[in-house]
Amino acid sequence: MLRIEDLWVSYGHVQALSGVSLEVKRGSIVSIIGSNGAGKSTLLNTISGLVKQERGKIFLWDGTGPDTAKLLPREPYRVVKLGVVQVPEGRQVFAGLTVRENLMAGAYTVNDAGRVRRNLDRMFEMYPILKERARQQAGTLSGGEQQMLAICRGLMAEPKVLLLDEPSLGLAPIIVKGVFDTVRRIRDEGITVVLVEQNANQALAIADYAYVLENGRVVLEGAGRSLLCDPAVKDAYLGGAQEA
Amino acid sequence: MLVQNILNGISLGSVYALIAVGFALIFNVLKFSNFSQGGVMTVTAYAGYVASRYLSEHLDSSLVLFSAVLAAAALSGALIAAAVERLAFRRLRRTKSEPVYYFISSITMGILLENLITIYASSNFYSYPRFFTTSAVPLFGVNVAVTDMMMFALSITALLALLFILYRTKIGLGIRAACFDVNTVQLMGMNPDFLVTMALMISGTLGGVSGVFLGMNYTLYPQLGQMVVKGFVASVLGGLGSIHGAVIGAVLLGVLEIFFISWVGAGWAPVFIFVVMLAFLLVRPRGIAGVIVQEKA
Amino acid sequence: MDYFISTVIFTGIALIGVLGVYLITGLTGLFSLGQAAFMAIGGYVSAVLIRNYSVPVVPAVALAIAAAMLAALLVGLPTVRLRRDYISLVTLGFGEAIVALLNNSANITGGAMGISGIPQLTTLPVVLASVAVCLALVILYKNSKYGRQCLALRSDELAAKSMGINVYRLKLVTFLFAGALTGYSGVLFGFYTTYLEPAAFNWIISAEWTIIVFVGGVNSLTGTVLATILLTGLPEFLRFASEWRVAIYCVIVLLIVNYRTAGIMGEHELSPKSVRRLLSRMKGVRP
Amino acid sequence: MSLLEVRGLTKSFGGVRAVDDFSFSAEKGEIVGIIGPNGAGKTTAFNLITGVYPLDKGSILLEGAELAGKEQFEITRSGIGRTFQNIRLFRGLSVLENVMTAADPYSEYGLLSLFTFGAAFRGREREVRSTAREYLSLVGLDRYADEKPSNLPYGLQRKLEIARALATGPKVLLLDEPAAGLNPSEVREFIGLVGDLRERFGFAVLVIEHRMEVIMTLSSCIYVLNFGKLLASGTPAEIRANKEVTEAYIGKEDGSCSV
Amino acid sequence: KEILIGNMQDISGPTSVWGNAVTRGAEIAIEKINAAGGIDGAMLKLVTMDTKANVQEAIKGYNSLVSSGAVAVVGPPVSNIGLALAPIAGKAGVPVVGSFIDPRVTVGEDGKPQAAMFLMQPSSVQYSEIMASYTIDVLGLRKVGVLYDQSNAFAVSLMKPYVEYIKAAGGEIASEQVYTKGDKDFKTQLAKIREAGADCLYFPNYIQEAVLVTNQRKQVGLDIPIIGGLDFAPPFASLVNDPEAADNIYLANNFSEKEPQLKEVWDIYKGKYGENPVNKVFLGYDKILLIREAMKLGGGTSAAQVMAGMPQVKDLQGTTGVLTISPETHQPVGLSMVMYKIEKGAYAELGRYVPEKHKK
Ligand SMILES: Nc1ncnc2c1ncn2[C@@H]1O[C@H](COP(=O)(O)OP(=O)(O)OP(=O)(O)O)[C@@H](O)[C@H]1O
Ligand SMILES: Nc1ncnc2c1ncn2[C@@H]1O[C@H](COP(=O)(O)OP(=O)(O)OP(=O)(O)O)[C@@H](O)[C@H]1O
Ligand SMILES: [Mg+2]
Ligand SMILES: [Mg+2]
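Chains as they are written, first to last, in the numbering used here: chain A, 2 to 245; chain B, 77 to 373; chain C, 262 to 548; chain D, 193 to 451; chain E, 515 to 874.
Calculated cross-link-like contacts (lysine-lysine; reagent style PhoX-like; alpha-carbon spacing at most 20 Å):
no., chain 1, residue 1, chain 2, residue 2
1, A, 178, D, 435
2, E, 810, E, 515
3, A, 161, A, 26
4, B, 172, D, 340
Derived by calculation from the structure, the hints in this document are not laboratory data.
Using the sequences provided together with the hints, build the complete structure.
What follows is the structure in structure tokens.
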């Protein structure tokens, strides 16, 4: 679905990505893990077009034929129109808009009012707390509620590819499980998911494929489960032992 | 006298209101005081004047002429505002500048427009042709100017239209979202350039309409747009984050001014208004229609 | 020669006022549209004391500065607790109120016809010395706990409170300091032009000063000084353009604000250290 | 008398009781964990203690002195330091200055000393600068002293928040999800860091976390909030065994590599 | 050889219409003098400085003119700048001939004339006394309502002597109303004047406010004559879009279109700019005439000689009247004004008028 070739990105003198290549298969979950500052968010931001690369190409390929791969545009709003939607790090909800308005903003590109309403109901069903808070200003939600809202807002756009940047940040363990279940479920609905996570255990556990990013480079890749059991990964990212 | 004063106050207030609504739109949505609105109003007032000179040869019904002039001014307002966005704000948004830069850019733009008009039309002033034969009608036993009533009706209409656009349409939602975070808004598939241009064009349209009314009431001169300061005061008093507050604020400001002029004279009025304003803000720090949202840490 | 000197003197006077705006807006992020009022207070109080009451110069100047600070206190006390956006409104209203007051007390201030025959005490050395002292004070302020706390408060008021900063007091102190500087620049102004009139002190002056501060650089003092010299000198250079003068000035400001968003100096300061760094970098570039 | 004693803390927003009659205490050198589902009122409790919101009801005693009703800055100066869940660093200042600013309110010099370039001013400035550097190196950020905080990755920004809170000289340190955005091995490191800091400064720590490892390893006592009310409290072992807590908050334990 | 004459006007800013008019008038005079061979073979050259209606700009501009060797300066249109310039010009010694009607510009507090400042039209006192005398002595109106811009020096200086004259002559000020800069709505004040039962309204202000007041007077039903200032002169009436409203207004102008001495300048101006000249054009023209006359009388073209010659000017026929500069006040003496009445948008001339008091 997504193919990234030799991506280089820098912020002035900081080289954030140095030649990252990766591939995301249609309908799969690809997890990206790595320590702070490895460049994970930068990678997602480059895909969305928020950050411009110095070098390298990003292709969107819907898998219908070998030659239908096309370059992803560089304006973020065009990227979204092609179905590649990012849920940004740190929630970034529209603080002064209500919960409901935030969700409607997510559905900006969907032109069918009926579908929007159905999607909205689905979101409220998934996280009933959001329904309770529908008229509250998003900025006053608790951290976790904001995170749920951010995820739902992304889903309202009916993405083909969903880029999730640390979706479990600040969520209660029980909700975290819910989020990973959701991720799995939307994958099963045919949506492709790129998942950036610090919660490496779980991220690897549900991933079809995974990459480890370090200092802007891919240092390891493989099937999720296999990385999970890789001693090097365990040592560096999983804290040696299991997290509760 | 009291009724007359109140009606005069409301008339004056509706002049302010029409300015304040356009001003408040940008203030509330993009979070800066768009002083270029003054320049836009001036230019549109002149554009309307030029249109009236040109069209009066072709149109004989003054009502038709008037509507055509209004439309021409509104259109030119939208276009100029779009140009202002392009020239003075777009790059700032790209570089994610703080609101004060918008303020500076807009105020400079306002001065520039004012000066361009001075160069184009000299600081001489002009009068619009008379569109209506009766200039005042009796109401509650006192005289009320026709233009004042139209202006009042128009500010209310503008307010309703704006509220509808902002709160009932997708573009409105986009405009409101865009002011919180330009980046994130793009992640929803919105094109912030488009949204902000739309917002400015709406306020430019309003600026065009106010320009014509200001020109009709107060004659045309390059500093006409400096009335925008009243719009600024009204929209802040009205409560940050509220457009209907701006209208109420404007009418209140107009009534207060007239009241003080009649009570203590125009000389002392600014002093009294300052004191009242301060007292008001201390008693009601959120403005007239603002809502308090406690900042969450 | 007189021409050059008068240009330098006016630039110096403006610079002292601009430093006040730098403190309030550049450092603290508050917006004042009423700085001209403090200038008027400084100018008028000193002029009236000397002319009408024959007070000697030094105490008259001291009293003028004190009066400007008192006014700053009056405006500041109720407003520092309000939301920031209101400060520009209150100061705007204050500015208009002061002008109205001056117009209405014609028997003391001469009203709209102004007050003339003020002794001309502002000379080039006086201005240069004043600029040096004011600049030194502001540099010290910026590089102390006060300056840092102001910047913190500008970034995030709530967090600043949570770091133990008494933001109300800080705003007030900064406001008073700026009021004193602006008042003093008003004193110098009156003592140079020998004539004061209320109409000269409108909110546009505050706007112009704010423009200068941000053309100079976000919170760079060096930039502020440079921009003051540049932007007060610019209209002189543009005299050839006659009626296009102001328009060209605006275009230049727009270009700087839009294409060099951080201002002329960005956040950098010209200090011995930075000069050395610049020199060494230039050496490095040379083959 | 406990170092910090909170009684009957209550706060509603509109109709929602965000915190409802919450009481707890913390001793010197103790680490207290606060957990609970999202929206349970944990951050609100912190905001109440630090004076961001006025309380509806309740009392907050630090070393026996009432804090309720005081201004935020007074509360901080009397010895309560905090970090923010949604990072709130001073964007306009460098990393080092961020920390210095937090220490500044304790600088006693006045304008007189400043304007005369007096000894008090110069001495204190030097002092503040060097202590700020010390705090930075404690959390391992000394390398970034001159950077702007917004250029740091998320995880490091959290550490800077901690350094800044340390510089306010707290008797009680409030950490709101300090480990969010760290990967498991970084979480490990972080746990070590908090332990060290506690040793070194001897303050009490209140920590809100959703990362169970942090809470379970560090705290001697855990309070569980749910819908603003205290659901349970006790030692980590007790909490782990509490069925209600598991159901409302932790969920079923989940294996991973073993599969 | 060239003789530099400075010209300080508002070229940008709200009052630039006047500035441009004065400049054009002065240029016409200079072209005429130069065409006739200049002054002893030396050509006059006008150097214009923009003052932006701002004291600070004016001081810089004056100093710049002095530095470049100007021997006289056609002065600023407004009194505030004149007041600020007086001491500076006194020191620099380059005379200023202006329209600063505030008498304080030309006469210092000590009662002595300001050495370098010369006024070339009736001072505000003279002008307002002409108007007051006309009001009470000719029109016989005794109950006066006054409306003026309290924040405008020009307006205030025209209001005070008027009120004093009326009171001294046994008249009554029925109501004194003010407004401030930027105000556009005067209905409240006008209504108060109506309530007070005034039988005329004295309104000494700029042309634009004049139009507004004229219109709003009708809206509040205030049906009394307006005694206006200079700014009611043409093109005022053509700018009131309702001819019904531009009615029953008295004003005084510096000249009459019918007077023969204007003809030449009038035609040159009209040929050059395709529009009728306004009174400021003639004032600009006359200022140059005055400077030339002072050169003759002072015996040379240096600044000091111009300054010395200026107070000796006597019975100089200008376009706006016969000029005699008083050495005691540096103001013209005994200048009469041409009175007009506006009826349904049309100006009707009532002849020159000068009160008994002014005739020496
Ligand atoms: N706007 C920026 N300006 C300068 N440097 C930046 C900027 N954003 C990120 N960086 C740098 O780029 C590198 C990669 O950052 P990135 O945010 O992609 O890391 P990350 O893997 O997402 O880390 P985390 O897990 O903490 O979110 C870091 O060294 C960071 O300091
Ligand atoms: N200023 C406010 N206005 C209205 N409601 C608020 C405000 N602050 C908090 N709330 C509500 O109070 C409840 C408690 O919020 P709080 O932030 O304390 O939760 P939390 O326990 O910190 O949750 P999380 O773990 O998700 O951060 C939430 O439902 C939130 O929506
Ligand atoms: Mg990241
Ligand atoms: Mg929280």
